[in-house]
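Engineer: Listed below are the residues making up each chain.
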Amino acid sequence: MAELYGLLAEYESSRQLLAGCRATREAGFERWEAHTPYPLHGLDQAMGLAPSRIAIPVLVMTLVGAAAGFMLQVWVSGVAYPLVVSGKPFFSWPAFIPIAFETAVLGGALAAVAGLFFYSGLPRWHHPLFSSRRFEAASNDRFFISVEAADPAFDWTATRELLERDAVVVEVVDG
Amino acid sequence: MANALSRRPLLPLTVAAVLLSSLAWFAAADSRLMASYLVGFLFFVTVGLGALFFVLVQHLTRAGWSVTIRRRAEHLSAVLVAAPVLFVPIACRLELLYPWIDPAVAGHRAVVLNPAAFQLRAAIYLLLWAVIAWRFRRGSLTQDTNGDPAETRRLQSLSAPALLLFALSLTLAAFDWIMSLSPHWYSTMFGVYFFSGAVVGGFAAIALQATRLRSAEASKKWLTEHHLHQHGKLLFAFVTFWAYVGFSQFLLIWYANLPEETVWFAERLAGPWCGLTVALVLGHFIVPFALLLSQRGKRHDRRLAAVACWLLAVHYFDLFWLVVPAVAPRELFAWGDLAAAVGFSALLVGVLRLAARGGAVIPERDPRLAECLAGED
Numbered sequence: 001m002a003e004l005y006g007l008l009a010e011y012e013s014s015r016q017l018l019a020g021c022r023a024t025r026e027a028g029f030e031r032w033e034a035h036t037p038y039p040l041h042g043l044d045q046a047m048g049l050a051p052s053r054i055a056i057p058v059l060v061m062t063l064v065g066a067a068a069g070f071m072l073q074v075w076v077s078g079v080a081y082p083l084v085v086s087g088k089p090f091f092s093w094p095a096f097i098p099i100a101f102e103t104a105v106l107g108g109a110l111a112a113v114a115g116l117f118f119y120s121g122l123p124r125w126h127h128p129l130f131s132s133r134r135f136e137a138a139s140n141d142r143f144f145i146s147v148e149a150a151d152p153a154f155d156w157t158a159t160r161e162l163l164e165r166d167a168v169v170v171e172v173v174d175g
Numbered sequence: 001m002a003n004a005l006s007r008r009p010l011l012p013l014t015v016a017a018v019l020l021s022s023l024a025w026f027a028a029a030d031s032r033l034m035a036s037y038l039v040g041f042l043f044f045v046t047v048g049l050g051a052l053f054f055v056l057v058q059h060l061t062r063a064g065w066s067v068t069i070r071r072r073a074e075h076l077s078a079v080l081v082a083a084p085v086l087f088v089p090i091a092c093r094l095e096l097l098y099p100w101i102d103p104a105v106a107g108h109r110a111v112v113l114n115p116a117a118f119q120l121r122a123a124i125y126l127l128l129w130a131v132i133a134w135r136f137r138r139g140s141l142t143q144d145t146n147g148d149p150a151e152t153r154r155l156q157s158l159s160a161p162a163l164l165l166f167a168l169s170l171t172l173a174a175f176d177w178i179m180s181l182s183p184h185w186y187s188t189m190f191g192v193y194f195f196s197g198a199v200v201g202g203f204a205a206i207a208l209q210a211t212r213l214r215s216a217e218a219s220k221k222w223l224t225e226h227h228l229h230q231h232g233k234l235l236f237a238f239v240t241f242w243a244y245v246g247f248s249q250f251l252l253i254w255y256a257n258l259p260e261e262t263v264w265f266a267e268r269l270a271g272p273w274c275g276l277t278v279a280l281v282l283g284h285f286i287v288p289f290a291l292l293l294s295q296r297g298k299r300h301d302r303r304l305a306a307v308a309c310w311l312l313a314v315h316y317f318d319l320f321w322l323v324v325p326a327v328a329p330r331e332l333f334a335w336g337d338l339a340a341a342v343g344f345s346a347l348l349v350g351v352l353r354l355a356a357r358g359g360a361v362i363p364e365r366d367p368r369l370a371e372c373l374a375g376e377d
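Quick mapping for you: the protein sequence lines, in order, are chains A and B.
Here the first sequence stands for residues 1 to 175, where the numbers follow our numbering.
Here the second sequence stands for residues 1 to 377, where the numbers follow our numbering.
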């Protein structure tokens with residue numbers, strides 16, 4: 001028999017979901033996730049999520065983008081192909097700022113997208129939760145919490161009882 | 001109603017009266033001191049204008065998120081009611097500051113740049129701002145007592161024409177009061193630059209008041225950490241906007257390299273002014289940008305209060321940097337600078353405390369109050 005993935009709890013309202021999240025967080029789980037059809041205010045606090053890890057890579061790549069864009073222009077107009085433009089020196093830093101700004105934004109935006117894929121574990125072909133027919137409603141009108149059996153605090157009976165307090169349905173998900 | 005922001009208005013008002021009247025007395029015969037006075041006056045007015053801009057935009061966009069924040073801006077914009085009388089010492093001694101008083105200097109510009117027209121225009125700007133600020137504050141305070149939602153609709157329909165007049169008068173005031181100090185220099189972007197600084201100053205003063213109110217535990221119910229975050233985001237945005245406009249103005253002038261335009265930056269990049277220009281870029285952009293970049297910088301009372309104080313100080317410095325090199329490039333500092341800075345800041349605090357005695361501490365019967373209190377990000 002294949003390993004079982006864990007439990008999936010379904011909620012009818014965001015209020016129930018937030019209550020479920022608080023209970024799950026207080027029970028000390030680590031490998032669990034909430035699924036909502038739209039961005040939900042207050043979910044981060046209810047789940048006790050740490051601040052996003054994406055800030056640092058974005059900051060670094062923004063600075064790298066700015067430096068790369070600036071140095072590219074210094075190299076092009078100062079070293080590789082020096083041309084006198086309207087009597088200005090070859091190293092005319094004010095003219096380099098707008099492009100350095102644009103490459104800074106580009107670096108930050110690419111890092112944000114790449115970071116999103118990396119931290120979300122994308123791309124992947126399949127996720128065990130997709131085997132649940134009920135889970136399709138996560139992109140429509142239902143809210144879910146999934147808890148992985150691999151979590152150290154997981155227990156088939158105790159965890160199910162915990163989730164059933166707020167959920168309308170709790171089901172087992174195959175691995 | 002008394003709260004942390006309305007206590008003891010007399011003390012700062014007395015300090016301001018003593019300092020400003022003696023400064024105005026001595027400035028009547030000394031152009032360097034008159035420059036100090038002008039800088040202080042501009043600080044006083046721009047903080048009020050930044051607050052007025054905040055109020056107008058909230059009504060124009062029918063904003064719900066800002067209802068509990070708006071009251072501080074309404075009180076702060078009331079300083080504009082006190083502004084016209086403060087302009088009198090400058091209007092009486094135009095020859096100390098403005099070289100165009102000599103028709104030979106003004107040339108064909110004398111049509112616009114002559115004392116009578118200048119004074120008339122200043123009177124129009126100042127009265128216009130005072131009336132707009134007074135009308136919007138009064139409308140909001142009236143709603144505190146009668147709870148009439150029609151008040152909100154009236155202010156909304158007034159806000160669009162008010163904002164147009166605001167933009168036009170603020171731009172022309174910047175041209176008149178600051179740009180004409182160097183009568184042959186011009187920059188069409190100057191009005192926007194002046195506006196961006198005014199908004200930074202006004203929003204910093206609003207944020208500072210919010211952190212002062214939040215020191216009382218009860219106020220955190222209606223001035224939540226989420227609302228504090230909004231203050232921080234606005235400051236962050238307008239610090240960046242200021243840098244964007246300032247750099248754009250510099251880049252266009254540098255790029256075209258026309259002598260009649262570059263002279264203005266040449267003055268500010270010569271001798272000791274060069275160091276002060278670098279300090280302005282660092283202090284008004286790099287430092288606050290870095291401090292406000294993270295979420296913690298925007299959501300933490302103490303940090304936001306420190307950044308807001310810092311921004312008010314550098315906003316004052318920005319105005320100093322605009323005015324003084326044009327009037328007395330060799331006299332970097334005068335005692336009048338200190339007197340003006342302390343005097344006008346004290347006056348700002350005093351008038352604000354008087355204004356804060358009116359109405360409730362938040363617009364408690366605003367139809368969008370519930371939306372504001374439910375706000376989360």
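Everything labelled a hint here was simulated from the structure, so no lab data went into it.
All values reported here derive from a predicted model rather than from experimental measurement.
Even for Gly, the Cβ is constructed at its ideal location relative to N, Cα and C.
Each hint should be verified, as a subset may be incorrect.
[As the list claims (entries may be wrong)] Derived Cβ-Cβ restraints for the label pairs, each shown as a range:
no., chain 1, residue 1, chain 2, residue 2, range
1, B, S157, A, R134, 25 to 35 Å
2, B, A150, A, S131, 56 to 66 Å
3, A, L63, B, V18, 41 to 51 Å
4, B, A290, A, P82, 43 to 53 Å
5, A, S86, B, A150, 25 to 35 Å
6, B, L338, A, E30, 25 to 35 Å
7, A, V113, B, F289, 15 to 25 Å
8, A, Y81, B, Y255, 40 to 50 Å
9, A, S131, B, L369, 41 to 51 Å
10, A, P152, B, A279, 51 to 61 Å
11, B, R7, A, D155, 57 to 67 Å
12, A, A80, B, S157, 52 to 62 Å
[Claimed, not checked] Straight line, CA to CA, 25 Å or less: simulated DMTMM-like cross-link-like pairs of lysine to aspartate or glutamate:
no., chain 1, residue 1, chain 2, residue 2
13, B, K233, A, E26
14, B, K233, B, E217
15, B, K221, A, D44
16, A, K88, B, E260
17, B, K233, A, D44
18, A, K88, B, E261
19, A, K88, B, D102
20, B, K220, A, E102
Engineer: With reference to the structure, classify each hint as holding or not holding.
Structural biologist: Consistency of the hints with the structure:
{"no.": "1", "hint": "S157(B) x R134(A): 25 to 35 Å", "result": "50 Å, violated"}
{"no.": "2", "hint": "A150(B) x S131(A): 56 to 66 Å", "result": "58 Å, holds"}
{"no.": "3", "hint": "L63(A) x V18(B): 41 to 51 Å", "result": "50 Å, holds"}
{"no.": "4", "hint": "A290(B) x P82(A): 43 to 53 Å", "result": "35 Å, violated"}
{"no.": "5", "hint": "S86(A) x A150(B): 25 to 35 Å", "result": "59 Å, violated"}
{"no.": "6", "hint": "L338(B) x E30(A): 25 to 35 Å", "result": "58 Å, violated"}
{"no.": "7", "hint": "V113(A) x F289(B): 15 to 25 Å", "result": "23 Å, holds"}
{"no.": "8", "hint": "Y81(A) x Y255(B): 40 to 50 Å", "result": "20 Å, violated"}
{"no.": "9", "hint": "S131(A) x L369(B): 41 to 51 Å", "result": "47 Å, holds"}
{"no.": "10", "hint": "P152(A) x A279(B): 51 to 61 Å", "result": "55 Å, holds"}
{"no.": "11", "hint": "R7(B) x D155(A): 57 to 67 Å", "result": "58 Å, holds"}
{"no.": "12", "hint": "A80(A) x S157(B): 52 to 62 Å", "result": "60 Å, holds"}
{"no.": "13", "hint": "K233(B) x E26(A)", "result": "32 Å, violated"}
{"no.": "14", "hint": "K233(B) x E217(B)", "result": "23 Å, holds"}
{"no.": "15", "hint": "K221(B) x D44(A)", "result": "20 Å, holds"}
{"no.": "16", "hint": "K88(A) x E260(B)", "result": "18 Å, holds"}
{"no.": "17", "hint": "K233(B) x D44(A)", "result": "19 Å, holds"}
{"no.": "18", "hint": "K88(A) x E261(B)", "result": "16 Å, holds"}
{"no.": "19", "hint": "K88(A) x D102(B)", "result": "37 Å, violated"}
{"no.": "20", "hint": "K220(B) x E102(A)", "result": "40 Å, violated"}
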